[in-house]
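Position 67 (the sequence shown) corresponds to 67 in our numbering; numbering is contiguous.
Quick caveat, the hints were computed from the structure, so don't treat them as lab data.
Any given hint could be a false lead.
Said to hold, decoys possible - Calculated pairs, DSSO-like style, for lysine-lysine (alpha carbon to alpha carbon, straight line, at most 27 Å):
id	residue 1	residue 2
1	K6	K62
2	K112	K2
3	K66	K119
4	K2	K58
5	K188	K91
6	K112	K158
7	K58	K158
8	K158	K93
9	K112	K6
10	K6	K158
11	K7	K192
12	K2	K158
13	K121	K6
14	K10	K119
Said to hold, decoys possible - Ranges between beta-carbon positions, derived for each pair:
id	residue 1	residue 2	range
15	S182	Q8	19 to 29 Å
16	N45	E187	23 to 33 Å
17	L203	R120	23 to 33 Å
18	E129	M59	13 to 23 Å
19	R201	F105	14 to 24 Å
20	E113	R161	41 to 51 Å
21	S44	V21	48 to 58 Å
22	M59	V202	45 to 55 Å
The C-beta atom is built at its ideal place from N, Cα and C for all residues, glycine as well.
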Amino acid sequence: MKYEWKKQEKELYGSKTVPAVVTVPEQNYIMISGEGNPNDADFSNRVSALYSVAYAVKMAYKKTAKGEYDDFAVYPLEGVWQKIENCELIKEKLRYTLVIRQPDFVTEDLVKEALEVVKRKKPNPLYKEIQYRTVENGLCVEILHVGPYDNEPVSFEKMDRFADAQGLRRLENSHREIYLSSANRVEKSRLKTILRYAVERVLST
Numbered sequence: 001m002k003y004e005w006k007k008q009e010k011e012l013y014g015s016k017t018v019p020a021v022v023t024v025p026e027q028n029y030i031m032i033s034g035e036g037n038p039n040d041a042d043f044s045n046r047v048s049a050l051y052s053v054a055y056a057v058k059m060a061y062k063k064t065a066k067g068e069y070d071d072f073a074v075y076p077l078e079g080v081w082q083k084i085e086n087c088e089l090i091k092e093k094l095r096y097t098l099v100i101r102q103p104d105f106v107t108e109d110l111v112k113e114a115l116e117v118v119k120r121k122k123p124n125p126l127y128k129e130i131q132y133r134t135v136e137n138g139l140c141v142e143i144l145h146v147g148p149y150d151n152e153p154v155s156f157e158k159m160d161r162f163a164d165a166q167g168l169r170r171l172e173n174s175h176r177e178i179y180l181s182s183a184n185r186v187e188k189s190r191l192k193t194i195l196r197y198a199v200e201r202v203l204s205t
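Whenever a hint applies, use it, and build me the whole structure from the sequences.
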């Protein structure tokens with residue numbers, strides 16, 4: 001049976017166009033970091049390298065699967081974004097970490113084995129920067145943003161107002177974007193992106 005994240009994890013990937021609170025559990029990722037404008041070639045190269053490893057992991061798992069699932073759908077690309085300087089948004093001054101989640105049944109050892117295979121078959125110097133890590137995002141506010149990435153501030157304003165009304169405070173000057181559609185295949189007006197940032201409850205006095 002194939003594991004389909006769209007069907008089996010709707011609570012994490014079925015976001016609506018109105019803000020909501022979600023608790024994100026501990027999850028495993030492969031990831032690569034970078035800096036600069038996401039429209040530059042370096043960003044695209046890092047995305048490509050990460051996907052190459054993700055599909056190598058998928059193929060490696062299919063060859064050795066012994067549990068309930070014999071295959072899985074590759075999770076969507078995610079980006080964790082932070083401004084290098086605490087000022088107005090300048091794309092050339094962005095710091096990011098690109099991640100692709102791995103199913104709980106995929107082990108770190110399998111990821112390492114797949115990484116070695118892809119290094120031999122499809123050499124790329126960026127592979128040495130790809131890491132496997134476990135992250136727990138915890139309590140978050142999220143929204144489904146529909147439209148161009150440059151229009152995201154409108155959705156963030158909705159999230160901020162919602163968080164204030166719920167007695168929640170943003171924890172960090174960073175946010176997560178989960179790309180449910182590809183900018184290369186979908187019109188900008190129809191792009192679907194989950195926006196999410198970590199929060200904490202404000203103690204009443």
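A range of 48 to 58 Å was offered for this pair. Does it hold for the Cβ distance of S44 and V21?
Violated - the Cβ-Cβ distance for S44 and V21, about 34 Å, lies outside 48 to 58 Å.
For the range 19 to 29 Å, tell me whether the beta carbons of S182 and Q8 fit it or not.
holds (22 Å)
Does K158 pair with K93 here, judged by a C-alpha cut-off of 27 Å?
holds (25 Å)
Proposed proximity, K91 with K188 (alpha carbon, max 27 Å)
With Cα atoms ~18 Å apart, K188 and K91 stay inside 27 Å; holds.
Does the alpha-carbon distance linking K10 and K119 stay inside the 27 Å limit?
Judged against 27 Å, a Cα distance of about 34 Å means the pair is violated.
Hinted pair, alpha-carbon criterion (27 Å max): K2, K158. Please report holds or violated.
Violated - the C-alpha atoms of K158 and K2 are around 36 Å apart, more than 27 Å.
Does K2 sit within 27 Å of K112, going by the straight-line distance between their CA atoms?
holds (22 Å)
Mind checking the alpha carbons of K6 and K62 for me, to see if they're no more than 27 Å apart?
holds (19 Å)
Taking the Cβ atom of E113 and the Cβ atom of R161, is their distance within the range 41 to 51 Å?
holds (47 Å)
Pair hint outcome, K66 versus K119 [Cα-Cα no greater than 27 Å]
Between K66 and K119 the Cα gap is close to 25 Å, so the pair holds against 27 Å.
Compare the distance between the alpha carbons of K112 and K158 with 27 Å, and conclude whether the hinted pair is satisfied.
Not satisfied, since the Cα-Cα distance of roughly 40 Å exceeds 27 Å.
Verify the proposed pairing of K112 with K6, using a straight-line Cα cut of 27 Å.
holds (26 Å)
Checked against the numbered hints listed earlier, the structure breaks hints 6, 7, 12, 13, 14, 17, 19, 21; every other hint is satisfied.
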